[in-house]
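Q: Each chain, letter by letter, is given below.
Number of protein chains: 2
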Amino acid sequence: MLQRILNEDVREGSLRLIYPDGVTRRFGSGSPEAVLEVADPKAVPRVVSDPEFMLGQTYMEGGWSTPDLRALLEVLLRNFAGPRNHRRNRFGRWLTPLLRPLQQWNRRAASRRNVAHHYDLDETLFRRFLDSDLQYSCAYWPRRELTLEQAQAAKRAHIRRKLCLRPGQRVLDIGCGWGGLAIELAEQAGAQVVGLTLSGEQARVARQRVRERGLEGQVEIRLEDYRDVPETFDRIVSVGMFEHVGTRYYDTYFRSVHEHLAPDGVALIHTIGRVTPPGVTNPWIRRYIFPGGYIPAMSEVMAAVERQRLASADVEVLRLHYAYTLAEWFRRFQRVRGAVAEEKGERFCRMWEFYLAVSEAAFHWRGLVVFQLQLAHEQTAMPLTRDYLYRPPVLGPTVEPSRTAASA
Amino acid sequence: MLQRILNEDVREGSLRLIYPDGVTRRFGSGSPEAVLEVADPKAVPRVVSDPEFMLGQTYMEGGWSTPDLRALLEVLLRNFAGPRNHRRNRFGRWLTPLLRPLQQWNRRAASRRNVAHHYDLDETLFRRFLDSDLQYSCAYWPRRELTLEQAQAAKRAHIRRKLCLRPGQRVLDIGCGWGGLAIELAEQAGAQVVGLTLSGEQARVARQRVRERGLEGQVEIRLEDYRDVPETFDRIVSVGMFEHVGTRYYDTYFRSVHEHLAPDGVALIHTIGRVTPPGVTNPWIRRYIFPGGYIPAMSEVMAAVERQRLASADVEVLRLHYAYTLAEWFRRFQRVRGAVAEEKGERFCRMWEFYLAVSEAAFHWRGLVVFQLQLAHEQTAMPLTRDYLYRPPVLGPTVEPSRTAASA
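The listed protein sequences correspond, in order, to chains A and B.
Just so we're aligned, residue 9 is where the first sequence starts under my numbering, counting upward by one.
Just so we're aligned, residue 9 is where the second sequence starts under my numbering, counting upward by one.
I should point out that these hints are in silico values taken from the structure, not numbers from a laboratory.
One or more hints might be untrue.
Here are a few chain A residues that sit away from chain B, every Cβ distance over 10 angstroms (derived from the structure) [stated by the list, open to error]:
1. W149
2. R152
3. R212
4. D233
5. E251
6. A319
7. R394
Label-pair distances were calculated between CB atoms; the ranges are [to be verified]:
8. B/P391 to A/G346: 56 to 66 angstroms
9. A/P40 to B/A270: 23 to 33 angstroms
10. B/T155 to A/G176: 43 to 53 angstroms
11. A/E267 to B/T388: 32 to 42 angstroms
12. B/S37 to A/E228: 36 to 46 angstroms
13. B/A270 to A/E41: 23 to 33 angstroms
Ideal placement from N, C-alpha and C gives every residue a C-beta, glycine not left out.
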């Protein structure tokens, strides 16, 4: 049965299947040439019966291996899961509207648990594969050949411009991570920043970084839910946090943005999105990586934005940028894989590298993108046209510090 | 009753109500200072009972006058119809989902009738208030002080850039109007353009302009429905036509775009939109100006884009630009009002100036905007970032012909 499926469906690139007894079958032709070495024959029927979950699960368990995980996932996702052959996917489409709300019941307590699951992992793990500023979200690549550090600096600068910040303005950063963007907005734009996180580890590290830079008077890191903030702000920024909100809470989220944003305020929401219709979260990702997480379609986000009476001013769709970012994270993770395996074990390493590689493939081949939504109350809060975002070009301070500082 | 409403609700600007017997009442204070002179006392209860329709209707009939129609509509829309006080509006909200499909039953025959109603009006009327290129859609104003001609040229150039055109590529222009954009894409970018219109008048004028410029080999104007086009194209552009499609046909429309767009193609849809949730078309506009028309919320458009498997690459929201355009159209119309009144009568003039002024006010105060949706099949069809749209700045050929030509 597997062979029939593969014979029929491998049309782009090729796949070599190597069984434990050495028997080899080849499907399709051309590049990339992917290889899947079966270690446990029972893994094959498990993947066929429930590929969305079992591909990752059997990889974690060592049921199969490959010399190039990225190439293998490229071939699998290009041939079996692209937006163009979506209609072939018979599984679970009618379940979507039932499953989604159940998967994202993110009340305050659940949100804390979900965040702890991922972000309370030891900071040293993240230091091993992220850039030096610990930016754990999509970088901005004006040119593919930038370093990850440069591309993350360009991302911070691009977001800073979209906020149209003036010195002394108060900024709320919902989901501040390890504090990199909050520090940048304080240092480069003279802003007063309140950063929110639900991760104790992130708050500890962010506060330490704020102290090291002498920014205690400008940056306050709070271990607080966005639903509990009392003040209003001139600007609101939220990068890579909306993915954890859950569709049930989209209205709550944008009502918070509406209520906490000053009348002439500007908000910038940076989130992973899908160009395909609303769906469900991949079950393997939900179980092991992001419980409670959901990647929205633009129609879902905008419906909530409209209901909560926020005016959208610009929606940038960053295509491929996260694929480049994840490719770099994967490469850096591979360099330190031995050390991570010693600390956390082989199973953890396999889980982590599968997460990075399958995410990269999804950004390339499965219609995942990043939305940057610029929102406001007033039509006059932003300049008339978007030229101000591109004068001078954003390259990030690592490349041309004087230029970037001038744009603050 | 009217006075109670006005006393309570005029909070921004002021309104002076002058009755036929000379009695004057003033509501609110400050600027703008609007004046409504009642000529027919029966007009007042009619407006109060059904303001959405009767304000325009009674104005057309001469039931009231004003020295400054734009100021009056600004005060009325700021105080009674802004997105912020939407919840006060008790009328007809539950009717919305029932009314919308009925109002937009735009089968082919109905579409032709609806188009004829507006666009088959004598071309000379449009020549009297549009720019010299007959651009009957929102201009692009990098600076407010541009002339209308410059701002329309900047719009054409901005759209041309978003299409990422290469010489010789085939372009479909759905709703080509009097042919201005089709001619520009042929002359400035070396494209082969097929322009579609359902208006016999527009087709006649557009073909004549194409002949005058010697572009018969490059531009073909067809009197054809977008649902009947047989070929595929490298690029699809549609400016100010989507407003006539109707929600019932959004999937048909984007399926057409999907099917007629080459695999590496780029499409650019320019349409009026609302930042408020889906609603219904103003009944006066529907009756007198645009039968079958509907202004979509972004959530509605994007849901259809997602279902039809088109990937959105960029959504620009042009705020205020159409208000500036309409202000200029209104000003030019006032200059020739005497001549139009002689030809078409006072009632027509009042209808036309109310349409222009109420539209301007809606773009300023009622959450109307313009969406420019850039769509594609492939994530790689466009450059990685949007810098290419802003290098060098778009000013339009009237300002700097050499620069604009270089950007083609």
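Q: To test your reading of the hints: which numbers does this structure violate?
A: Violated hints: 1, 2, 6, 7, 8, 10; rest satisfied.
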